[in-house]
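S.K.: What follows is the residue order along each chain.
Protein chains: 2
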Amino acid sequence: MKKILFIFIIVFSGSLYAQEWTPLCNGKNLKGWKKLNGNAEYKVKDGVITGISKVNTPNTFLVTEKNYGDFILEFDFKIDEGLNSGVQFRSKSLKKYNNGKVHGYQFEIDGNHSGGIYDEERRGWLYNLTANPNKINVLKKGEWNKARIEATGNSIRTWINGMACANLWDDMTPEGFIALQVHSIGNNKELNGKTVSWKDIRICTTNVAQYQTDSSAPEINAVANSISPTEAKDGWKLLWDGKTVNGWKGAKINTFPDKGWVIDNGLLKVLKSGGGESTNGGDIVTTRKYKNFILKAEFKIMPGANSGIKYFVDPGLNRGEGSAIGCEFQILDDEKHPDAKLGVKGNRTVGSLYDLIPAIKSKKFNINEFNTATIIVTNNHVEHWLNGIKVVEYERNNQMWNALVAYSKYKDWPDFGNAAEGHILLQDHGDEVWFKNVKIKEL
Amino acid sequence: MKKILFIFIIVFSGSLYAQEWTPLCNGKNLKGWKKLNGNAEYKVKDGVITGISKVNTPNTFLVTEKNYGDFILEFDFKIDEGLNSGVQFRSKSLKKYNNGKVHGYQFEIDGNHSGGIYDEERRGWLYNLTANPNKINVLKKGEWNKARIEATGNSIRTWINGMACANLWDDMTPEGFIALQVHSIGNNKELNGKTVSWKDIRICTTNVAQYQTDSSAPEINAVANSISPTEAKDGWKLLWDGKTVNGWKGAKINTFPDKGWVIDNGLLKVLKSGGGESTNGGDIVTTRKYKNFILKAEFKIMPGANSGIKYFVDPGLNRGEGSAIGCEFQILDDEKHPDAKLGVKGNRTVGSLYDLIPAIKSKKFNINEFNTATIIVTNNHVEHWLNGIKVVEYERNNQMWNALVAYSKYKDWPDFGNAAEGHILLQDHGDEVWFKNVKIKEL
Numbered sequence: 244m245k246k247i248l249f250i251f252i253i254v255f256s257g258s259l260y261a262q263e264w265t266p267l268c269n270g271k272n273l274k275g276w277k278k279l280n281g282n283a284e285y286k287v288k289d290g291v292i293t294g295i296s297k298v299n300t301p302n303t304f305l306v307t308e309k310n311y312g313d314f315i316l317e318f319d320f321k322i323d324e325g326l327n328s329g330v331q332f333r334s335k336s337l338k339k340y341n342n343g344k345v346h347g348y349q350f351e352i353d354g355n356h357s358g359g360i361y362d363e364e365r366r367g368w369l370y371n372l373t374a375n376p377n378k379i380n381v382l383k384k385g386e387w388n389k390a391r392i393e394a395t396g397n398s399i400r401t402w403i404n405g406m407a408c409a410n411l412w413d414d415m416t417p418e419g420f421i422a423l424q425v426h427s428i429g430n431n432k433e434l435n436g437k438t439v440s441w442k443d444i445r446i447c448t449t450n451v452a453q454y455q456t457d458s459s460a461p462e463i464n465a466v467a468n469s470i471s472p473t474e475a476k477d478g479w480k481l482l483w484d485g486k487t488v489n490g491w492k493g494a495k496i497n498t499f500p501d502k503g504w505v506i507d508n509g510l511l512k513v514l515k516s517g518g519g520e521s522t523n524g525g526d527i528v529t530t531r532k533y534k535n536f537i538l539k540a541e542f543k544i545m546p547g548a549n550s551g552i553k554y555f556v557d558p559g560l561n562r563g564e565g566s567a568i569g570c571e572f573q574i575l576d577d578e579k580h581p582d583a584k585l586g587v588k589g590n591r592t593v594g595s596l597y598d599l600i601p602a603i604k605s606k607k608f609n610i611n612e613f614n615t616a617t618i619i620v621t622n623n624h625v626e627h628w629l630n631g632i633k634v635v636e637y638e639r640n641n642q643m644w645n646a647l648v649a650y651s652k653y654k655d656w657p658d659f660g661n662a663a664e665g666h667i668l669l670q671d672h673g674d675e676v677w678f679k680n681v682k683i684k685e686l
Numbered sequence: 244m245k246k247i248l249f250i251f252i253i254v255f256s257g258s259l260y261a262q263e264w265t266p267l268c269n270g271k272n273l274k275g276w277k278k279l280n281g282n283a284e285y286k287v288k289d290g291v292i293t294g295i296s297k298v299n300t301p302n303t304f305l306v307t308e309k310n311y312g313d314f315i316l317e318f319d320f321k322i323d324e325g326l327n328s329g330v331q332f333r334s335k336s337l338k339k340y341n342n343g344k345v346h347g348y349q350f351e352i353d354g355n356h357s358g359g360i361y362d363e364e365r366r367g368w369l370y371n372l373t374a375n376p377n378k379i380n381v382l383k384k385g386e387w388n389k390a391r392i393e394a395t396g397n398s399i400r401t402w403i404n405g406m407a408c409a410n411l412w413d414d415m416t417p418e419g420f421i422a423l424q425v426h427s428i429g430n431n432k433e434l435n436g437k438t439v440s441w442k443d444i445r446i447c448t449t450n451v452a453q454y455q456t457d458s459s460a461p462e463i464n465a466v467a468n469s470i471s472p473t474e475a476k477d478g479w480k481l482l483w484d485g486k487t488v489n490g491w492k493g494a495k496i497n498t499f500p501d502k503g504w505v506i507d508n509g510l511l512k513v514l515k516s517g518g519g520e521s522t523n524g525g526d527i528v529t530t531r532k533y534k535n536f537i538l539k540a541e542f543k544i545m546p547g548a549n550s551g552i553k554y555f556v557d558p559g560l561n562r563g564e565g566s567a568i569g570c571e572f573q574i575l576d577d578e579k580h581p582d583a584k585l586g587v588k589g590n591r592t593v594g595s596l597y598d599l600i601p602a603i604k605s606k607k608f609n610i611n612e613f614n615t616a617t618i619i620v621t622n623n624h625v626e627h628w629l630n631g632i633k634v635v636e637y638e639r640n641n642q643m644w645n646a647l648v649a650y651s652k653y654k655d656w657p658d659f660g661n662a663a664e665g666h667i668l669l670q671d672h673g674d675e676v677w678f679k680n681v682k683i684k685e686l
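Heads up: the sequence lines are chains A and B, in that order.
Just so we're aligned: the first sequence equals residues 244 to 686 in the numbering used here.
Just so we're aligned: the second sequence equals residues 244 to 686 in the numbering used here.
Honestly, the hints are just simulated from the structure, not real lab data.
Fair warning: this is a prediction, and the values are worked out from it, not measured in the lab.
If a hint is listed, it holds; no wrong ones were tucked in.
Each pair may be met inside one copy or between any two copies, as identical chains are not told apart.
In silico DSSO-like pairs for lysine-lysine, Cα to Cα no more than 30 angstroms straight-line:
#1 LYS432 with LYS288
#2 LYS679 with LYS486
#3 LYS579 with LYS654
#4 LYS633 with LYS652
#5 LYS278 with LYS383
#6 LYS437 with LYS335
#7 LYS682 with LYS515
Excised from the complex, chain A in its bound form (with noise of 0.2 angstroms):
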């Protein structure tokens, strides 16, 4: 009975934690693998597959004949200095799309920008490392390099020399092909015969999510209107389902505009109406109001657009007509919006606190692009950032804050700004404008 027992126990544990690698190459030669879209070279010797760039050929892929979904990849690299590389999975090479065209995950081989996450041939960048801290010159040059990329779900994780890199939350193509890419380099001679190296390629596709590991990189979420596990333990909350108007209503109505609004697709649409302020469908406020919180809000407007999103937000203030009363994150084209060249020193471009404080001239803004506002509130400090950068900070309910509403558009409406709380509101300036991904995290 003793030794049944001792038995049971080291079969148990066995297959509890003993992780079980395949090797995705024999070391011999290519067999499992394909060539496909370049006429890039592979070889193979001493267990070492090697790339070897070729002028005049686009991108180049050896592809496993077989698909993975959920997985742990490890294998090491070493790349020739000027090119381009990186590791595919959960990819495909379908007819119906680009004529076949490799698509899908990246794992970038690229100087600074190794590790992070590439969507080759659809949506480009979805973690390129500027959100991740850690992320200083991991890679060694011209030595080789240990990968990791762990597959689980909807998380996928990658790290370079045991240096978390990318985060990713999301749910495109849970399953695909790995695949081996020799960038094309155009007709760049000097570039031609470089090569790139690959070596100890294994996967584990077995109890993946028991030898998953925590990561020090921030994660980004590219599920749209969605919550992340991580995003949920953090406390985040969608201020917008993605699908529904629950939670909002109009600003000076009880319902929401029966006009002037569209959800479509994930999107939550200001309709065109000729630029008025208020003039449509009207602003829309949440339903309870927020004291300290971070509000995230992706956005893209077209061309020539005002919007913009408040922020302690009294909807009783002003019943007349216009905009809701609040402090505002300005939503603007800049370029072409007139508004931009009026108020005092820039303080009407986007990212400001309308007519109050100018956001600082060095943001970034992506017009026909969606980029993300955030506001970040801690009882009287606040900060807005436009597209990972601080371009406004202040301090209200002070002597300074009141003496500088008394110079701006606000200077009427008693203790403008000084609520400990209020609504939130999207401004409807008669401008097309998409919202999504509107997240908060309240404090």
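Here the structure of chain A is known, so what remains is to put chain B in place on it, guided by the hints.
M.R.: Same frame as chain A, now just chain B:
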């Protein structure tokens, strides 16, 4: 030899450490005292002197025949509710001064003012206890209270029941009599016959400095244009010496202006010249710059006057007409000068940071009297105080400061108010203004 040394030590230490007290009243009659000015009655019984209020008689004083200069005086006192009294010291009664009216320092006995120092029939309050944060209801109503007065050179300190009250530095009268006051009650019959009593009145006049005790009350220096030893120890210096133009020059010239300013009897005066900004003698500035400091200046203005104290001044900025450029502690007769109504929400009233931040409305200001301006600079944090009340507080070198400046008269001066250091300026705005006690403590 040993025996002689032993006796010597006893005698010597006795003279050093045994405080010698002399009673001022023999406990039986008023020998050594005389009554002056009024007709209130004083009685002696069982060692207690009792003064009795009487209608329709002026302040009455029971005065010592002897004069005292440096001394420590202790006594117990008890006073009926509704009465006001006090104990004069270093006081005089001179035919040539108000026909013999008793005048000079008074240890006040009057509710919460008790223990303060009032300059009877001369300058009024010298130490009214508002400067002393310790002084809250030390007086026991209707009971015996213990008083102590230390007068040593310019240092005058008081205690009630062991709690430090006044701490004055003054040099007006080095010696005089001691007197017990029965204050006039006019024709108020309800107070007729009420009493104030003193007992155990004793004085020490030998080795006084040796028995002087530390006071926890903040010192007030009433000696014009002087630095007391306490102030010197605390780092204070005269910014204006009270006599010469040393350390000062015209803001736009290398010498002191030859007109527009005069030094007269310890006062630095701007002469009246029609109310123009820097059109007569022009502003004057310190010859050196200051970075972190507490600046105190007493100023008196004629009705309708305009002036100011500027700091972080760069005299090189404005070489044209008008005042030199810097942050300004506004000096103005808010009632009569039109500028008080201009600007935005009171940001040009007395005590304000001129054209930027209004002084709080509850400030106190006295026309035709000296007022105290205090400016405290600690790097980017700045405070204005007017007559002991904080009226303006702000942070510079940040987005909010720059946004506020952008709205003001200073919008075209590059980086206004953000200099790490600057000159201090007294403004000639063509109106008569008096300055004295201009002191600075560098931090």
